[in-house]
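**Student:** Chain by chain, the residues run as shown.
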Amino acid sequence: MDTDLLLLLIVLLPAAGAVLNGLLPLMWPQLRRSEAAIGAVGTACVAVPFVLALVLFFQGFAEPYVGSFYTWMGVGDFSVSVAYRVDHLSLIMALVVTGVGALIHLYSIGYMHGDRSFWKFFAYLNLFIFMMLNLVLADNLLLMFLGWEGVGLCSYLLIGFWYEDFKNSQAATKAFVVNRIGDFAFLLAMFILVREVGSLDFAEVFAAAGEMTAGTLNAVVFLLFIGATGKSAQIPLFVWLPDAMAGPTPVSALIHAATMVTSGLYLLARMSSVVLMAPTVMGLIAVTGALTALVAATIAIAQTDIKRVLAYSTVSQLGFMFMASGVGAFFVAIFHVVTHAFFKACLFLGSGSVIHGMHHVEHDLRRAGYKDPFDPQDMRTMGGLGRFMPRTRWTYLAATLAISGIPLTAGFFSKDEILFKAFEFGYDGHLFAWFVWSVGIGTALLTAFYMMRSYMLTFEGSHRWPMAQRVHPHESPWTITAPLVVLAALSLVGGFIGLPKLAEKAGLANWIHGYLVGHGTHHGPVVEAAATAHVSVGIEVVLIVLGSLIAIGGVWWAWRFYALHELTGDERIRLRFGGLYRWWQRSYYWDEFYDKVAVRPVVGGAENAFAPFDNRVVDGLVNAVARTAQQISRMARHLQTGVVQAYALAIVLGVVVVIALMVR
Amino acid sequence: MDISGAYDSILYDIAGGFSLLVLLLAGIVCIVWDIFENDEPVLPFVAAMACVVGIVWEVRNLDAGSSTVFYDSIRAYGLASYINITILLSALATVILSVPYLKRIKHGYGEVYALIVFATAGAVMMGTANSLVTVFVGLETMSISLYILAGLVRRDEGGIESALKYFLLGAFSTGFFLYGIALLYGATGTMYLPEMASGFIERGELTLLFWAGIALFFVGFLFKVSAVPFHMWTPDVYQGAPTPLTGYMSTASKAAAFAALVLVLYYGLAPMPVAAWQTALAVVALVTMVLGNLLALVQNNAKRMLAYSSIAHAGYVLVALTAGTSQGYAGAVYYLLIYSLMNIGAFGVMALLEWDDKEGRLQTIDSLAGIGFRKPLLGVAMGVFMFSLIGFPPFGGFFGKVAVFAPAIEAGYTWLAIAGVLASALSGYYYLRVLYVFWMRTEEQADPAVRARAFPVSFSSAAVVVTCALVLLVIGFIPYVRDLTQIYFDASVFATMP
Amino acid sequence: MLAESLFILLGTVSVVAALGMLIARNPVTSALWLILTLFCVAGLYLTLSAEFIAVVQVLVYAGAIMVLFLFVIMLLNLGALPQLEKMDWKKALGFVLCVIVLSQLVFIVATSLQLMPATATVAEDAGAATTIAKTLFTRHMLDFEMIGVLLLVATVGALMLAKRKFA
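Chains as they are written, first to last, in my numbering: chain W, 1 to 664; chain V, 665 to 1162; chain L, 1163 to 1329.
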């Protein structure tokens, strides 16, 4: 098929799904109950684009293909088109978005069953996929920004999906506002580019980047990075992501783990040739990533809500990806985006399956007359679920091992590659990379530990919910478990697309490196930092062994520790770390800090200074204008007497005036 | 005078004036059919088909180069096709909306559709006229049909008042119009617009007589498009006439009058110094926008409110004409299409929501409180029309307003454009009030008669309203239409600006 | 010279007769004044060698239509003559405005008289019925047909409004 047509179908099918699922049930309320149809349309509108994207994938596109469909705006020389760019980078992202997206749509049919706004949920999800595809396929920054804002909107809508609970809509607002801060930086970067380059098309920006002054370049890259920290939840803008778990779990899996939060990395990878020209900012990116990874990993240890653990884990993993970008290994960042999409989506969906089961427990408890509050997401009231939910358990375990970096799982390859690249960059003489590397090693250990902890507390040990003898959860339906199995399988084997350098000796190339960066004369869409010094094979072996040991060690340690102590394990850690543990529990008081420094002064200023001004002066002015206009209107109304002679008189008056004005 | 070979080009003429001839044919078919089968229900179908055939024909000729047919009487192809499409679309929507409406008020006579078709024929002739005679004949055919249609419901004093006022004042203004034509002929010795222009280029001077003729000629147009102070008939006539036909008056007849004005300005006056008539149009535009919007503020009746709103919109188009540039004329004809869609839709919704059995003459806007929840389709469509009339992006009205105000700024009439923008800001008040009543009041606040009434919406009416709304949603994003209007006007024929 | 003096004579009489029509209180008198005006205008056509139009003017307007007018006036039997209405500010304003329009137009026509383009000499047969017929069916073919439609519309409309039974 024609590439243009394929592209249009890929982008527009999810939009069509959003319109169908959104408008038809809105107009005909009786349709809202036909969940099967809504779910099928919603899933098909993502699954078909996935297949079409596969077709494109197998067609190659070693050279970027740009399909331009519509001139969005044109002012003088400056014009922005709705143009989509097909190259290896956008293809891989589109595949992840539609592939994982389709699985999560399928999952949602089971998960959202019986929800009052089932149709709305699928309309939003489809809209999200549409926006996300715009983001990754766009050929210019503005269209990308449209997608960027669009996914932000969908994120807002879906976090606050159960908006009857004020807490949820607060979380949605928080996510939106924090994201807007990053978006503002993105906008500023675009303004600079428009002034300096006069275009927002990627090709032209790349071509002109070399001629910009170092200051401008640094500013642009820095602002883009700030934009990326907003969307991809890095220090200092990561605070929205844990709260975003207020949304339904499929949303957390799709938007806040697999796709949207990686768009910051995609932005950096897309702009890699420009980013590489600003080494100072790259150092900042890497260090920020490392610190975020560490901070989030420590917080994750002290969380008891299963989804919050995963949320902080996501922040931490995103930190790893930023480390990779910061040391110039953008393709590794994208590699980790892909593998992370597999195992984190699997983990979130698994947690969703658990929550689904615990909801049944809660339901049964209420029927049995249990009155106390019960939180189906609290790991402290879980334990031993593996017996009742075997498929959920094994898939969750597979994904846990993958994220921990157990050898030959997906996470092992990608995370090891990140650490190796950081090491190599340090070896190459960049001192900050040593710091990044060592933080990364430590965080990897913590990752293995807290992830295994969440598995142990959830699936192993004793049943800790009330009346455990009488009520117990059940395994979820196939629409929920089938995506789990697929994602778990991918978590285990997905890493083989990016074999370590060592494998070259055995004649096995690193596929994703060749695909994204290129090999020989072929240049892919992603550029990497040119390394002058090469790490010897021996050191590489040592590093791989070190990485494997850390992962295995962390997992083993957590397994032993929590098998022995179960819930009291947390207590032991708390006693060991004391005050520090409380900081972890409260996320380093980051929210409180923002509240004091930013939120309260702004709100206070608004209440005390702007609100009275607005009420009295602005509103007063507006009301005065409205009242005056009405007064004049009432007076002018008397001209309209209804007497036809008076009308004729007015016509004659008009004739006099027109002749007088024209004949001079 | 030798007239052998006078009809050699008749086939070409017929092709050029095809939609006009189809309309005339359909009108005569309607009348003759009605003689044998009184109030035959197929007649509206005949009328609608004539419009559809005309539209299809003209769409095919949108890109063709403009030329004249029937001994230079009317223009054909290109711009003329665009204008005809605007007029025919309004007529088509009117016919479709009229069928259930007139059936409901028991006035579904066959002659009505014949008259609508003849009025449309007159509008088409006027809107594509190339000579002053043709303008006049077209204007009169359209006007007389409309006088009759306005007084269709004779049992109601509102209908009689409407028709009589329209007729008396229309005849009065026609007197000025005709005198203007006489003066123009006296001053230039020709009835044909391009010959006026070429005559000026030859002689290089203009007499006072000519400008007086133009002034009186304009008065006729300004009356038809209801510009202040020639507007006073508008609210009374709009209020009393059957609602779909009011929609027709505010769209097709206005579009035709404006189109004719554009043709006169572009083909007749382009090489002449614009300053001569610019001031007059600027003053009229300003007063029209301000007074139209101000008076709309306090109207309680939807039809009266829409009447004042249509006065205000005439002011916006006049702003574009004041610019006197190719961009201005392009903006004006672009706006006419969008304006027609918005207004025919708004009047269509009001026709469907009528409950007082007095053609909506007595019912207030407030009586329809909360109707949006009962009739969501109409409520949402009305939302689109109202926002579009305000000029709110991304609706068509926004792009239309940009198209009419931007040329005025380029031509140095920034103050006029600013006044226009402020006036349209004022318009937000009364347009949004409709939506406020429709959506933010509860049904308990509605008139008891409204609550008791079912408001059936036929499929055809709903289709018209929804189509108008959808087109308004997307038209701004179709650059083809805007580009089309711009290639119709050649900037090189204009007198160089001082 | 003869043409000019004829023009001045006929023009003056027609204007005076038009004023007489407006001023006359009796409708029959008024109608008779109008007939005089129409005759004078027909005479003006004759001086322009437009014989056909002159004849039509007399036949149709002065003849048929005015006879109809007089019949209607007499059938309606308007016994009481309208009383003079009092002047109010609206009428005064209307009068003033009309005077202004009139003076504007008179001024314009007066100043433009010399500037008019030299009219081509009128051909001998310009006003003949054949010439008019040829023009009507060639140059003004469309306008002519459209006027037919216009008359049809007027007839249909009048019939519809008058004859339809109203509930």
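No wet-lab data here; the hints were simulated from the structure.
Remember, it's a predicted structure, so these values are computed and weren't measured experimentally.
We put the beta carbon where it would ideally sit given N, CA and C, even for glycine.
Errors might be hidden in some of the hints.
To be verified - Calculated Cβ distances over 10 angstroms to all of chain V for the following chain L residues: (1) 1174; (2) 1195; (3) 1238; (4) 1267; (5) 1300.
Stated by the list, open to error - Within a straight-line C-alpha distance of at most 30 angstroms, the following computed DSSO-like cross-link-like pairs (lysine-lysine) qualify: (6) V:767 with L:1325; (7) V:1039 with W:120; (8) V:1039 with V:770; (9) W:596 with W:167; (10) V:1022 with V:770; (11) W:371 with W:167; (12) V:1039 with V:1022; (13) L:1248 with V:1022; (14) V:770 with L:1253.
**Student:** If a hint holds in the structure, say so; if it does not, say that too.
**Tutor:** Against the structure, the hints:
1. Every CB of chain V lies more than 10 angstroms from the CB of residue 1174 of chain L, the least distance being 20 angstroms, so the non-interface label holds.
2. No Cβ of chain V comes within 10 angstroms of the Cβ of residue 1195 of chain L; the nearest lies about 19 angstroms off, and the non-interface call holds.
3. No Cβ of chain V comes within 10 angstroms of the Cβ of residue 1238 of chain L; the nearest lies about 18 angstroms off, and the non-interface call holds.
4. At roughly 7 angstroms, the least C-beta separation between residue 1267 of chain L and chain V is not larger than 10 angstroms, which violates its mark as non-interface.
5. Against the 10 angstroms criterion, residue 1300 of chain L falls within the reach of chain V, whose nearest CB is about 4 angstroms from its own CB.
6. Proximity of residue 767 of chain V to residue 1325 of chain L is assessed by CA-CA distance (about 19 angstroms); at most 30 angstroms being required, the pair is judged to hold.
7. At most 30 angstroms may separate the alpha-carbon atoms for a hinted pair to count; residue 1039 of chain V and residue 120 of chain W meet this at roughly 21 angstroms.
8. Of the pairs offered as hints, the one joining residue 1039 of chain V and residue 770 of chain V holds, with about 24 angstroms between alpha carbons and a cut-off of 30 angstroms not exceeded.
9. Our distance criterion of 30 angstroms between C-alpha atoms is met by residue 596 of chain W and residue 167 of chain W, whose separation comes to about 20 angstroms.
10. Restraint check for residue 1022 of chain V and residue 770 of chain V: the C-alpha separation of about 12 angstroms stays at or below 30 angstroms, so the hint holds.
11. A C-alpha spacing of about 22 angstroms is found between residue 371 of chain W and residue 167 of chain W, which places the hinted pair at or below 30 angstroms, so the restraint holds.
12. A threshold of 30 angstroms between alpha carbons decides the hint, and for residue 1039 of chain V with residue 1022 of chain V the separation of about 21 angstroms falls inside it, so the pair holds.
13. Under the criterion of a C-alpha separation no larger than 30 angstroms, the hint pairing residue 1248 of chain L with residue 1022 of chain V is inconsistent with the structure, at around 36 angstroms.
14. Distance restraint check for residue 770 of chain V and residue 1253 of chain L: the Cα-Cα separation of roughly 42 angstroms exceeds the 30 angstroms cut-off, and the hinted pair is therefore not satisfied.
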